[in-house]
Each structure stands twice: as structure tokens, then as C-alpha cells.
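Protein chains: 2
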Amino acid sequence: MDKKALYKLSYGVFMLSTKVGSKVNGCITNTCMQVAGSPTRIAICVINTNYTCDLIKESGVFALTLLDQTAGFELIQHFGFQSGRDVDKFANLRLPEDVNGIPYLAWQACAVISGKVTNSLDLGTHTMFIAEVVDAKVLSEEAPLTYADYQDHVKPKKKEAKEQRPIKGFRCRICGYVYEGPVLPEDFLCPLCEHGPEDFEPVFAD
Amino acid sequence: MDKKALYKLSYGVFMLSTKVGSKVNGCITNTCMQVAGSPTRIAICVINTNYTCDLIKESGVFALTLLDQTAGFELIQHFGFQSGRDVDKFANLRLPEDVNGIPYLAWQACAVISGKVTNSLDLGTHTMFIAEVVDAKVLSEEAPLTYADYQDHVKPKKKEAKEQRPIKGFRCRICGYVYEGPVLPEDFLCPLCEHGPEDFEPVFAD
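So the protein sequences, as listed, match chains A and B.
Here the first sequence is numbered in my numbering, starting from 1 and rising by one per residue.
Here the second sequence is numbered in my numbering, starting from 1 and rising by one per residue.
Same shape as in the complex, but just chain A:
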């Protein structure tokens, strides 16, 4: 068997988030497909050792943010290369929430799908969650980021790889104003265009 054949399957790049009580977590995943209509259902797979997997088993709901072609490596590194058991990945971000109150990414993303789990299947290494789509929004007209794009264009070559970089500020997506500092105040309004925290995206240190 040539496992390289399996690399030819086409996938997207997603930020999968959920919430149990006040505990929010999210991670980067690649597997989601629509599996049925009437009602519309999708299936996602999550590694069993992943903290987000444990939390979805408890919450039964999730938001899947579909990253788009503008997504940078820092964003993927922030959600994908550290565990929610060690750090609060959402601590300094002011994000919109979906119908289930779960934060999702409004920037570097083309869509968000909100799921309510109807079946879950433990497959040993991974759990598959089948979920009814309870809401879905288009966020941008950019093309979705595929896993092949990530490997070819987004992921740094080995020698260029950098340490996890901290957030050093927040840029207003409306007018470009940059707030300097690692935490954007909850009630912050852009001094130039008066938009709120949900319209700011993080700027990572060089």
C-alpha cells in the first residue's frame, strides 16, 4: 500500500471551536464533508487526544470556521500548534459568537458552519462527529484555503520556521488603524472609524 495515494484526497483548513460553560477552545482541523440532506448534516473528525475533542463530546455543539486564501501561518500556528490544556487561545481575542454562543473567526475566513452533534463514533485514533447544520454564514468572497495550498504556500519551509510568536497588537480591518498591545480592551472603539473589537484582527510579533 502506498500511503502517498491518501495525500491526494482534497481537504480544507478549518478552525474548529467549542464552548463548555465559560471554557472555550479551538484547534485546526482538515476534515469536514456534507454527508446528508433533510436536514443538512456534516461529518468532522477530531483526534481523540485533542482537548477540543473532549470538549465537543461534552458540549455537543461546535463552530467550524473555514479559513480562506488570506489566512497566514501565524493564525494556524496560534490555534494548531499549542494545546488549550496549556494556554487559553481565546484570552486576548474579541470574536463574534455563533447561534450557540461559540466564538468563530471573522477574518482570514470565508465561511462559518454551526453544528449540533447527532451521532458520534469513536474510531480509536479519532472521533467522528455527525452534526446537523443549525446555522451557516458566508464571511468573505475569498477562495477557501485548501490543505494543498497550506502545504505549498502557507507553511514555512523548514529553515524559515519560527517560534510561536506572541500577539503584539490588533489591526482594524475597516480602516487599518493598529492598536499596540497584547490585549485589546473589551469596550475598545477604533479612534479613526469607531468600529468595535470584533473588527480587529491580531498582529503577531516579528
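Just so you know, these hints were derived from the structure itself, not from any lab.
Fair warning: this is a prediction, and the values are worked out from it, not measured in the lab.
Be aware that a few hints might be false.
The list makes no distinction among identical chains, and a pair is therefore deemed to hold if it is satisfied within one copy or across any two copies.
[Claimed, not checked] Only pairs whose alpha carbons sit at most 30 angstroms apart, straight line, appear in this in silico DSSO-like list of lysine-lysine:
1) K116 with K57
2) K116 with K89
3) K168 with K89
4) K137 with K155
5) K4 with K137
6) K4 with K89
Guided by the hints, dock chain B onto chain A, whose structure is given.
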């Protein structure tokens, strides 16, 4: 809910084939993802009214051919736009067979994955089959065809759409020789390069 958000999920384009006794059938599908390791397993979804779906329930095995960027609309039309209940889509094709004896496409394809069903889940409109990968082969170094590519580049615009076109000959993929006629003899050898029927791809009528 904006269902356009679901169109942003990234999929491939596949020819899914199976065999029950001497009955072979195949169709075009878009959904496959790896769902677990140890052993490697994939999940596919097939519409319940589809003849291939009935046959996989009976056979418990399938071959998934991953189409590549060279795949033409005629190929997708041949397997996707007619039912195996009405025509034998494999009648005039001489195809290689996988470990389960199921024919797959050796041309216009970048890989083939052979699956043995371990779970099946009826979701109303579709059935999901989870299968152990029992074999996998890389067939070409061309990039996989994605569903977005199909929509953007392969599918004819409405006014250009043509009727289902019959096979008028077979082209040798090694040397380019064209055999004229709708059925390639089983023991045919290319008069130029002496390759056999498995190296010939169909040529459709204009």
C-alpha cells in the same frame, strides 16, 4: 442559514466503483475523507437512490479512483450522468482491477484507494460507508481535480452542454495511436508500441 457557506467546503472528484458477482458499476462522487489510523480508514457518502450505493451494501468493497487535472467532462458525464440500472458503463472499457477485483481508471486519475466496509450508516438521503483502506496506489503526478476546479473549468457552460456522447475509439496513452471503433478487443495490442488494452483511454464522439 446561508447554504452557500456549505459550498466553500473543499472536495475532490472521484469515480467510485464496485462489483457484485459479474455486475460492475461505478458513479461520480465528491465526498471522501480519512477518518482514522491504525488501521487507516476512510469515509465516503453515496446517495441512497444511486445503484452503486445498493451494490456496495451487497459487496462490502469499493475502489475510489481520484480524478486528476487532466480529467475531461466526457469521463465525468460517462460515469456521472447515466445510471448503471440502464446501461453497462464498463461494457466497452478494458480496465485494470484492484485487489478486490474491482475495475478502476488508470488514466485521467492520480490515485486509487481500495476500501473494505467496516461500518455503514444510513442517514436518510445518503449512506455513509466507513472502510478500511486495504490498498492504495499513486497513478500520476498530476494534481487532483477538486470540485471547485470541476465547477470552474471542466463543466461546460450551459449553452455549450452536449448530449451524452458515445465512445468512438481508444487512444494509446503510451504512443498516441488511436484505435477506431466503439469496442476495443480484449486481446488488442497497440500496433506501434505493443502496449495492451489497459493503456488505452476512450475517445468520445464530437
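Verification of the hints:
1. K116 with K57: both (11 angstroms within a copy, 28 angstroms between copies)
2. K116 with K89: within (23 angstroms within a copy, 40 angstroms between copies)
3. K168 with K89: Only inside one copy: K168 and K89 sit 15 angstroms apart there, 60 angstroms across copies, limit 30 angstroms.
4. K137 with K155: both (27 angstroms within a copy, 26 angstroms between copies)
5. K4 with K137: between (34 angstroms within a copy, 8 angstroms between copies)
6. K4 with K89: between (33 angstroms within a copy, 29 angstroms between copies)
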